[in-house]
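Visitor: Turn these sequences into a full structure, and let the hints steer you where they fit.
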Amino acid sequence: MSMLRVENMTHFFGGLRAVHNYDLKIEPGEVHGLIGPNGAGKTTIFNLITGIYNPTEGEVFLEDNKLNGLAPHEIAAMGIGRTFQNMLLWRHMTVLEHVKMARYSKIGYGLIGAFFGTPRRNREEAESEEKALKLLKMFGVAQFADQWVPNLPYGAQRRVEMARALAMEPKVLFLDEPTAGMNPEELVQMMEIIRQIKEKFDLAIFLIEHRMKVVMELCERIQTLVFGEVIAEGTPDEIQNNPKVIDAYLGKEIVE
Amino acid sequence: MVLLQNLINALQWGSFYALIALGYSMVYSILMLFNFAHGDIFMVGAYIGFGVASALIALTAMGAFALPGWLILVLTILFSMFLTSFVGMIVERIGYRPLRAAPRASAAITGLMIGIILETGNLALLGAQRVSFPSMIDTVTYDMGGVFVTNKKIMIVVVSLLLAGALHQFIRRTRYGMAMRAMAFDYVVVPLMGVPLNTMAAMTFALGSALAAAAGILFGVAYPVLDPYMGILIGWKAFVAAILGGRGSVMGATLAGFLLGFIEIFVAMIFPSTLRDLIAYSIVLLILVFRPHGFFGEAYSARLRL
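Residue numbers (the numbering used here), protein chains in the order written: chain A, 6 to 261; chain B, 6 to 311.
Be aware that one or more of the hints could be misleading.
To give an idea of the chain B side of the interface with chain A (calculated C-beta under 7 Å), a few residues [unchecked claim]:
no.: 1; residue: Arg180
no.: 2; residue: Tyr181
no.: 3; residue: Met183
no.: 4; residue: Ala184
no.: 5; residue: Pro196
no.: 6; residue: Leu197
no.: 7; residue: Pro201
Calculated Cβ distances over 10 Å to all of chain B for the following chain A residues [as the list claims (entries may be wrong)]:
no.: 8; residue: Asn70
no.: 9; residue: Gln152
no.: 10; residue: Glu190
no.: 11; residue: Glu191
no.: 12; residue: Val235
No lab work stands behind these hints, which were simulated from the structure alone. Don't be surprised by glycine CBs; every beta carbon is placed ideally from N, CA and C.
Guide: Printed below as a string of structure tokens:
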């Protein structure tokens, strides 16, 4: 059984067809890449699967649960964690609070517990904090736990965002250009982090990325998207040597 | 002496403004709109308090149970807060949720309309005559070296501070509070972390309305005459406090509520009381000229987008 399955998904924005007949299968533990030029519809596909938009046509399944029609928070709680192209972090919350907040759906206490500080609340919040700190440590940002996010270096902010997504205990982790804007040193670190996530967590990864080095080294399968349509799918080798991909996206020099 | 006396009065008025302003601020922080019916929810809360208190007093008189006055007051506050929170949730569900994608101006006038409906609905239900809020505790005046303090004033300030403090703890330390603060930045993204937007919006309205109800009852204790339009002016003033504190800031709304109380009372101390609001709100206007984002507001408006 696939971890994540998309069948024949098409989406229109008004008259514009942003995604056309998109199919996807991600197996447990797999790293699946999605590449393509700007405006090809990669982030739109992320938004369609995570429930920001409802696809005009097509079906989405996480394991055997249909996701169509569910609200974004339900889809997230079922097991899709996500990072964002432009890193949506909050300037008025500490690093630790970011990660704890993402555990909202993993905590059960109600309003009464919240107001009267029941033992259950204290236990669950303490547990949550412990798990959050563990994640921060794993990503090497535990020393920033009580700092405001804008005070952190860029690479560290990216790692906080990653920790936040993992705090949701996702079955599939969506990474939208995790190396965007990074210098070569940060890039190498980020690739190492993604490798570690793959090793240490029981999840699949769905990766949008522009840097070929990253995609080719990390992914087992890759799709190339152009104008909302998949023009090629296969292993990194197959993609790199596919004339359609070279023509539409990679360009000749990069391959050589 | 006069100064100290006024200080106490200012604290009492500040309590009303602060409790109401908190509701404006919380709703704004999540949904980026002001609930202009909030002053009328304060009024509804006062009336619900009137009903609950009257019922408890009648039951005591009938001998159903014997409750001391202070306990009736505490029960009235708690029970009315609980009931009024549902009024807030209904307002959100009917008036705001269907309009979430509509232009901001539409949501603003919804608030005004709901306010008018609450006022005139009350008028239709209870008639035009004012009702007098039952006195649950006897007034005791303490003479503290020439400064006269009543037990009611102390109670009002203490209860307000306790409620504001409880809200602060709620927002800092619980999963709901944390989700609310995150949602203040973007209500599109935060659901992707598993937080339900509708639940949070309803909760914000519920909390704000409960605090407004508490303010309504405390107001009734201090000024025991209720009428259907009692929420309008005080609602606008609390709205000013919410802006002055910085849109969306809970701490700011509390402090600005008290500040507004101080400005009003001290202006009235110096100038004839007919000029009170004229001068007091000119001062507030001046403050906003120099601090357009209020005390704790942030000078940015760009919403983060996906």
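Visitor: Looking back at the numbered hints, which does the structure fail to meet, lowest number first?
Guide: none
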